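Using the sequences and the accompanying hints, generate a full structural model.
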Amino acid sequence: MPPDKEMALALTRRHFFGLTSTGIGTAALASLLSPSGFAKIADASADGGLPGLPHFPPKAKRVIFLHQSGGPAQMDLFDYKPTLKKYHGSELPSSVRNGQRITGMTSGQSSFPVVSSIFNFKQYGQSGTWLSELLPHHGKIVDDIAIVKTVNTDAINHDPAITFIQTGFMQPGRPSMGAWVSYGLGSENHDLPAFVVLIVQSSALNTDQPLFARLWNSGFLPSKYQGVNFRSGGDPVLYLSDPPGIDRDTRRRMLDTVKELNQIRETSYGDPEIEARISQYEMAYKMQTSVPELTDLSK
Amino acid sequence: MKSLYLCLAVLAGAQMLEATAPPARVDFDRQIRPLLSDKCFTCHGPDDKHRMAFLRFDTKDGGAFDDRGGYRVITPGDSAHSRMYERVSADKPARRMPPPYSGITLTPEQIDLIRRWIDQGAKWETHWAYIPPKRPDTPKVSNPSWVRNPIDAFVLAKLDAEGLKPSPEADRVTLIRRLSFDLTGLPPTPAEVDAFTADKSADAYEKVVDRLLHSPRYGERMALGWLDLARYADTHGYHIDSHREMWHWRDWVIDAFNRNMPYDRFTVEQLAGDLLPHPTTAQLVATGFNRNHMINFEGGAIPEEYQNEYVVDRVEATSATWLGLTLGCARCHDHKYDPISQKDFYRFYAFFNTIDEEGLDGRRGNAKPILRLPSPEQKAALDRIEAAIKQHNEGLPDKIVNDLQAKWEPEKLPTLKEGPRDSLIAWYEMDGSLADITGNYRHGRILKGDPSWEDGKAGKSAGFDGQTQVSFGNLGVGGDKPFSLSMWLAPEGARRNPVFTKLTAEGRGFEIYLDDYVLTDIQQRSPRVFVRLGGKDGAAIELGARNRLIAGDFYQLTINYDGSGKAAGLEVWIDGQRAQADVLHDTLSGPAANDAPLEIGDAQFGPRFRGQIDDLRLYSRTLKAAEIETLAKDEPLRAVLAKLPSNRTKDEKSALRDYYLSNEAPEPYRTCWTELKSLKKQKDELLKVVPTTMVMAEMEKPRETAILGRGDYRNRGEVVTPGVPSILPQLPKEAPANRLTLARWLVNPSHPLTARVAVNRFWQMYFGNGIVKTPQDFGSQGDPPTHPELLDWLATEFIRSGWDVRAMQRLIVTSATYRQSSEVSPALLEKDPENRLLARGPRFRLPAEMVRDNALAAAGLLKERVGGPSVFPYQPKGLWEEVSFGDGFSAQTFVQSHGDDLYRRTMYTFWKRSSPPPALITFDAPDREKCIARRGVTNTPLQALVLLNDPTYIEAARALAARTLREAPQNPARRIELAFRLATSREPTAREVRMLRSLEEKEAATYRAHPDEAAKLIAVGESKPDSGLKPAELAAWTTVASTILNLDETITKE
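For the record, the sequence lines run as chains A and B. Here the numbering used here is used: the first residue of the first sequence is 1, the next is one more, and so on. Here the numbering used here is used: the first residue of the second sequence is 300, the next is one more, and so on.
Don't read these hints as lab results, they were simulated from the structure. Watch out, some of these pointers could steer you wrong.
Partner residues are not named here, just some residues of chain A that face chain B (Cβ under 7 Å, in silico) [claimed, not checked]:
(1) G173
(2) P222
(3) V258
(4) Y269
This structure is a prediction, so every number in the text was calculated from the model and none was measured. The C-beta atom is built at its ideal place from N, Cα and C for all residues, glycine as well.
Shown next, in the form of structure tokens:
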């Protein structure tokens, strides 16, 4: 569904529950919208995803995606290529290269020899999975993980390659994977964002590969689906902490006043957006406690 | 039960408006074509490659009406004998269309719609958007007295048909606030509100409208949406994402709106200003519209690939902005839904493929083609310098200088001294290997990576990329005995960078490193050379030469050490001169000598070296000044002179010419050359500070455009000429097929799309939705117009007025439709939740920029100045740095502005694409990577966090509080009223005052009890709190002001 229509739907749904929260019609419609339950969808603050999704019984509760920009090559980790050893040093046949482009870094080379991994591989676990000596600890858990070796790309530079992994397209402009998931499935969590991003960079001025907000942005989807950056220094979420000099009691009194004043406005204007804003402020207040709890790794 | 029916209808994808009042006659264009497009075009549409059964429904002649051997797909007036209806209504899955495997289904209502359409005669029309608008008559309405201008007649006619009535006019306070945001992006002042509410004249409203339309803020406000369309940003976007300078173009847009440039001229100048006869500087600047796309210079990227992307981006932005068509969909294949072939796409592409640009560019700021924009003084200085350069060049005739030099060269060569050979331990020429040429066989070894062999100071040089490590073994230099080490060094990179190490793990031994980089201009970081000789327990001699080295340039570096154990015995020589050096340590004790090898790029001691090394020599004694000079001056000259002239590189030739003319040529040539060099340097210095902007400029020999299979730059197919999509009117035959002709074609009054697309966007600005809800897509997948006649009337009126943009704004905001109250009854909300019928005024959250501008304006912090370079207001620390590539590129480190620049209008905030301003993104500002015709309006908890906690809003709250305390009478209620009015424009009710009063009293007590907390709160931000105010009182009022700034009403246009 185009985002426009989705937004219209959200608005329709919200005003519907906001205004006609009685009778059998509501319950019927709610279950139609979301098989996973009425309570979730009836809460105006919950972001319920799209109706009819997921279209199979879900098993996974969460997805953790480690995007290791600049990590070692798969041939040195888990993609055992014994034949490469045999051909090591010989010229890469065009039947294998198959017209694959070469970056400007190496296109000036007069020869393109086959190079095998310099690391030793060994089989592990009942599955007999081959792993390199660089992954000694994975050997112990190898029967519990899935390794996908069929991923393919013709991206040859960092920017298009990582943009492709995260958005499915080498050029910018598309929503990131996390944005799609949060758009499609929503979240059952009321106190925390559905899609969270953590960035590790070694130092402020580093020569690691650069990253871009587009890797977790929402592209042409509404911005509420973009990843929320959890950060290591300062506030775990931008603007999460109350400013200096405002304690929790004062904050609560301010929020109560905001709420009361917004409610007056809602009564006179009748715009469901005001009601939505009231619940967003409550969620923000909850996030101020729940996010630091979540990110406190000492617990 | 009615509301339930409504919602289900919307969910099923049907048109809500139709569901409420089904028209008797099926409208092909609005009801059938979208259905065919959605459900059938995938296999029976414009795409040649995926079409099935030789049947297409995107044109009337697609086979549906033909006799197909005893049957017809559509028999007009007879659904029973139409194969189409039979198939879509078939019970058996094997017969049913769309086939079950497609996953596409039709609802019973949709099937019935098809039946009724066929039975009514299967009338077929061209898609409305491709037919030029005809000026419709204004319709008859139930209440003519409500109608202020023709807009209202169209709106009211629709309401009449729906059985609705318009809302009453909004009160004056709401109206002036609505107008002020819509026309200037800023709230009205209380004085302006008072003047308007007190103005009893009949044209009071129009007077306000005209005042706002002629404010310089009007151009700023109108530019907002245009910057989104133009994907305007201050960085390149790809990979390293360094800075660019396009604000001159941004200022051109503001100025064009403020001068009320007609939309046709506005169009022509931005798309093709460079092709106009004798273009002005402003007309050239205007062409930056299509240079705002992202630009790449990632190392190793393929230029053709990115040059192709730039052109594609121009096609996408231009077609979305002017045509309201998603032409980009036809990049890889024929459009699935609209009659646009892949060939159409590449013919359009060809207009924009003739720019003299590089695929990889922008490393140093703007990418070519570039326009320089010197100030009048700079222009005069440049002219003066260039004239002098010309004169000096004439004073150095090639012929004479060549002859003189040719005579001098063979005389000079035998006089040149060679570097000392005695006490030479090892000598590495670095001409493609690490071989020691002394005959001592002390060859260097590669431990990791591979040096690149690049042109060096003499022959090749060894290039190190930060991944490479080489060892020269323990040569015995770098210990406690006298030694000298001499080389040519070209540094790179921008952080502490060891060049040579001969160190033990605990840091004993010898080390040369680069450090203390400073930014000499926006791009260049220049390091100094440091030398360290370490003994035990960290005791050491350590020197830092004061000279700053420029990355990429070669320097002759000699280190002399006399073995004395004192800093005075350690010398750094650069280019034959003893360098002044700061002594950092002079505490050496114990031996520095060790068994460690002399290495380049040992990662134990820091990042591996980046840069080039040439002609490395090591001696077991110190070198004398004259010897060092020989190494620095004679040796490189000898290396060049020893070569045949034909074998010399360009750099070698120019270095030789420079040496000869600077040192040995007869007068007047020598002086003339010295002056010429100084002039060129002056010119370079000046050009560095002359602003530039990126523009369109044709190549001398334009590129040929071919259809690219699957959109891939490598799959070149049929060569095409520039042209416009075949569904649209064609270009005039007599005009050259270039961008200028294209631009003029767009603004030809008979064009079906340009005016409609423009007025639709204007409409969207005021009402939240356009008449066509998809402003970037007027094709068959776009939403049909809610008020087609109104859209056509506005489009024809726009053209009739001579594309008068300001008049069009005036027309819309002076309509009764616009002036309605936005209060909504539950019944109306149910019937029309999105206000598509316009039975009420618009109410929606302000765009990101206005949310902040409103707070700054209310607080009295706003510093208004139209245009200029972008600014850096507060943002949380570290955001840029965590995505940056911090090695000598611009826009990698966020340096916050101070003073007035913290409080400029938000549209002037520096826009880094890979890390856009976080508070603005939270309020739905786009990332400016691609053309955007419509922003979302979301409502999220993160927005609450910004307004509650961002220092911008805390400082604004404190300034608003201070302003209130200063300006209002000493009465809490009066103070609350003023703060409330400044933020929302209206007077609070007594109840609202009571609530805020109660908060103020509680917080005043809190802060009186905790003065430290009060002091902390009022210290947020760089502006100073008013020292005349009591901190506890100011803090309490700050919480009141912050509460007001957080109200839904404050950030909403009502």
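Going down the list of hints, with the structure as the test:
At its closest, the beta carbon of G173 of chain A sits 4 Å from a beta carbon of chain B; the interface hint therefore holds under the 7 Å criterion. A hinted interface residue such as P222 of chain A counts as satisfied when its beta carbon comes closer than 7 Å to some beta carbon of chain B; here the least separation is about 4 Å, so the hint holds. At about 5 Å, the closest approach between the beta carbon of V258 of chain A and any beta carbon in chain B falls short of 7 Å, and the interface hint on this residue holds. At about 5 Å, the closest approach between the beta carbon of Y269 of chain A and any beta carbon in chain B falls short of 7 Å, and the interface hint on this residue holds.
Comparing the model with each numbered hint stated earlier shows that all of them hold.
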